[in-house]
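Asks: Residues per chain, in single letters:
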Amino acid sequence: MSIRLEITDLKKVYAGNTPETVIDVFDGMNFSIQQGQIFSIVGPSGCGKTTLLRLIAGLEEKTSGGILLDGKSLTGCDEQVGMVFQEYALFPWRKLVENIEVALEIKGVDAAVRRTMAMQYVRDFGLEGFENAFPKELSGGMKQRVAIARTLIANPQVVLMDEPFGSLDSQTRNVMQEFLLKIWEERKDTILFVTHNVDEAVYVGDRIAVLSPRPAGILKIFDVGLDRPRNRTGKEENRIKSDILQLLNASAAVRPPS
Amino acid sequence: MKRSVLMLLFLALLVVGPAAHFAGASESPIRMAVLQSDIHQLAFWVALEKGFFTKNGVSVDLVGVFKAGPEIMTAFSAGELDMAYVGEAPATTAVANKAANVVVVAQVNTEGSALVIAKDNTAIKSLADLKGKMVAIPGHSTVQDFLLRKALKNARLNPASVNIIVLKPPEMISALRTGQIDAFIAWEPHPSKAATMGVGQNLATSGGMWPGHPCCVLVTDKGFIAKQAEKVRAVVAAHVQATDYIYHNAEEAITIGVKSTGMDEATVRKAMQNVHFTYEINVEGEKEYVRFLSELGLIRIDNPDGFVDQFLQPKILRDILHQ
Amino acid sequence: MKGKRIIPPIMLLLLWQLLSATGVIPAFKLPSPVQVAAGLADLIGTGMPPGHLLHLHVYYSLQRVLLGYALALATAVPLGLLMGWSRTVCAMIEPLVEIVRPIPPLAWIPLSILWFGIGIKSAAFIIFLGAFFPILLNTINGVRGIEPVLIEAARMLNAGRRFFFLNVLVPGAMPSILTGMRIGIGVGWMSLVAAEFTGVRQGYGLGYMIMTARDIQRSDEIIAGMLVIGAIGLGIDACLQLAERYLIRWR
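Residue numbers (our numbering), protein chains in the order written: chain A, 1 to 258; chain B, 1001 to 1323; chain C, 2001 to 2251.
By construction, these hints were calculated from the structure, which means they are not laboratory data.
Just so we're clear, the structure is a prediction, and the values are computed from it rather than from any experiment.
Among the clues, some could well be false.
What the hints assert, rightly or not - In silico BS3-like cross-links for lysine-lysine, where the CA-CA straight-line distance does not exceed 27 Å:
hint, chain 1, residue 1, chain 2, residue 2
1, C, 2029, B, 1133
2, C, 2029, B, 1222
3, B, 1153, B, 1119
4, A, 182, A, 95
5, B, 1098, B, 1287
6, B, 1131, C, 2121
7, A, 95, A, 136
8, B, 1287, B, 1315
9, B, 1098, B, 1131
10, B, 1168, C, 2004
11, B, 1287, B, 1050
12, B, 1168, C, 2029
13, B, 1168, B, 1098
14, B, 1067, B, 1315
15, B, 1287, B, 1153
16, B, 1227, B, 1098
17, C, 2029, B, 1227
18, B, 1131, B, 1150
19, A, 188, A, 136
20, B, 1067, C, 2004
21, A, 107, A, 95
22, C, 2004, B, 1098
23, B, 1315, B, 1150
24, B, 1133, B, 1119
What the hints assert, rightly or not - Covered by chain B, according to a simulated footprint, are these stretches of chain C (three or more residues, beta-carbon under 8 Å):
hint, region
25, 2023 to 2031
26, 2111 to 2124
27, 2147 to 2156
28, 2207 to 2214
Ideal Cβ placement from N, Cα and C applies to all residues, glycine included.
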């Protein structure tokens, strides 16, 4: 399988007015993601996981380093990169199905065609009956499903997910993880999944990168190598979890989160 | 602590109360009003300047200089005025519509308005040419409104075929100059001002439209004359003296006119030629007003003659003139 | 429950009638409700000035307000969207806005007549000035109030400028725009009466009607006219509220 996304020597510095206020977010980050993989990133809060996603998304500018998609350099907001936000970010004035079909509308796809395609997602994602509801009427889990559908309908090469289930309660969270995996099994999208929840990272990811506190660097990349569906309380899973937690605790002791 | 404050207040009231009462009871000036820049009401300014009010034993407080008659009548309603120089038409309307309760004790002037067209206007040569044109009046139910309609009827023109709009007289001149209106009718000195500015020319004077028509009158609040008839008498006497003075001292009158209207000498001189200052009350003229206002539907009076009898009170004037 | 809201005004009316009928409030200071009702009947049937009926005054006044308001909408909304979105544009235009805004629309009347003559254009201009600033300011706030994450989501979905403008900025700012619109029509309608004091063509307009009633001291008609003006203002606002309820039913 080929490398879909490659990060080389990525640096991000927020220049402040005084030397004290200069923020060094990463100091040369390197990793790559294979096509069709779910790549999890865990790290302490404030370490810059979200900033990393935003750089790849093109929402912020990197200071130096390389971001390559299928070998080509990414600049700005590329339409081949999709993003699912923690706050869902659905357009409140659009009905459910209208939210899903936005990307197609922007591409200029004919109204009837895009409606049909969007309705397919409505059915596949278990949202039938709610296609004409406004986001204010939907539950958190439903909203996130819409957000994912909205991103996937454009068939991006890379899907960035920034703590997508962070706003949900743990029951719904588990349901959504399974939902995501089910979708992924069929589509095999390349997903970069940021979370601070180690359980989630292990349940969902093929590979897991553990970040150190700011300035963040990759402490270790774990290859999970376990078949799905995984056991949330299985021996192998727990071993990986405790390794990750040990790593996180150790790095926190050396460099407490600032 | 509280008790001493109360005691102090009580004492203060004891002192202030009677003092205020006495201060009020002693010679309180008569509250009067006139119209702004209206040469018709020159007698008031002459009386003030020459001290005729004081010579007749009263002091006058000019409470307000108003822009139009209806505003003076509103001030009467509010109880703010004792006497005023005001147009006969707005006074009639206010009393007929039971908004104010005043009576006329003397005439102030007859005639003294003019219908003005643009200086370089060659299209309008007679009143009949006003058909379809835009003419400004100072207000509905004013003397000028009546004059215009009467003149149009005499020229066999339906007033409805003329575009009549309401403007304040100072705005009329600039509206004429910029061509927004084709003509206006207003009291002196505005027509004369338009002439001296080179902006307008008279199409007709009010004397030409209705010879000897009454214009401004001296009115007093009914409650005031009931309680203080001597004061009213004093003011009427001063008014008579001032009116006579204008005739015998034309140049000085012009100077006072310039001061009171704020207009230049040439304008005031020209304006005064168009005004007939008099104090004799014109009864027939008032009856015509009442007819006119009723016809237009602006007032509703069951007994027009009875109304005029009540409204015009020439008794004080006659007493003064017989002496 | 809706019926209960009518009780206070009705009680007020009864109290007013009582005070007038017993002479506590003299008729020439404030006519009684019955007299005002009669005055309203006169305005409808006889007209003020006589011959100029109420419904025509309403028609002409509405015309003037509509023209001024439409102009205000057409200029303030696009400008507000632009200024809300672009800091540079805002910095350039804002000083001018802040200087002109505090000047009351009525102060413009002499200039307005000079520029536009006596007629619907000068009246519409006054109303335009009254309605423009609330709409502009609320539109700017509306744009600034759009959640930044929505803007980012649109960027990620590859939205072009046109889509962005029509499908993100406009609906996102819509709640504020509608608020501005309601305030704007309120100010515009209020400015109308004074704008019509200074001379109207054809002799029609609610402000003109009241001014004439004032000239001949018909306070019953003055108050009836004021009530008509108030009622129409209320009606317009109710319509806007209905529109608002539909347009932002997603909230």
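Asks: Compare the structure with each hint and give your call.
Replies: Here is how each hint holds up against the structure:
1. C:2029 <-> B:1133: Measuring from Cα to Cα gives roughly 39 Å; hence the hint is violated.
2. C:2029 <-> B:1222: holds, 17 Å
3. B:1153 <-> B:1119: holds, 25 Å
4. A:182 <-> A:95: Distance ~25 Å between residue 182 of chain A and residue 95 of chain A Cα, so the pair holds.
5. B:1098 <-> B:1287: This hinted pair holds, its Cα atoms lying about 18 Å apart.
6. B:1131 <-> C:2121: Given pair residue 1131 of chain B, residue 2121 of chain C holds - Cα atoms ~24 Å apart, limit 27 Å.
7. A:95 <-> A:136: The hint holds at about 10 Å.
8. B:1287 <-> B:1315: Given pair residue 1287 of chain B, residue 1315 of chain B holds - Cα atoms ~18 Å apart, limit 27 Å.
9. B:1098 <-> B:1131: violated, 35 Å
10. B:1168 <-> C:2004: violated, 47 Å
11. B:1287 <-> B:1050: Answer violated: residue 1287 of chain B to residue 1050 of chain B is near 34 Å, above 27 Å.
12. B:1168 <-> C:2029: holds, 26 Å
13. B:1168 <-> B:1098: Holds, at roughly 25 Å.
14. B:1067 <-> B:1315: violated, 30 Å
15. B:1287 <-> B:1153: holds, 18 Å
16. B:1227 <-> B:1098: Within the cut-off at roughly 21 Å; holds.
17. C:2029 <-> B:1227: Holds, at about 22 Å.
18. B:1131 <-> B:1150: holds, 14 Å
19. A:188 <-> A:136: violated, 31 Å
20. B:1067 <-> C:2004: violated, 46 Å
21. A:107 <-> A:95: Status holds; Cα separation ~19 Å.
22. C:2004 <-> B:1098: violated, 38 Å
23. B:1315 <-> B:1150: violated, 31 Å
24. B:1133 <-> B:1119: Within the cut-off at roughly 16 Å; holds.
25. 2023 to 2031: holds (count 3)
26. 2111 to 2124: holds (count 4)
27. 2147 to 2156: It is violated, with 0 qualifying residues against the three required.
28. 2207 to 2214: With 4 residues in contact (Cβ-Cβ under 8 Å with chain B), the coverage given for the region 2207 to 2214 of chain C holds.
In summary, the numbered hints that this structure violates are 1, 9, 10, 11, 14, 19, 20, 22, 23, 27.
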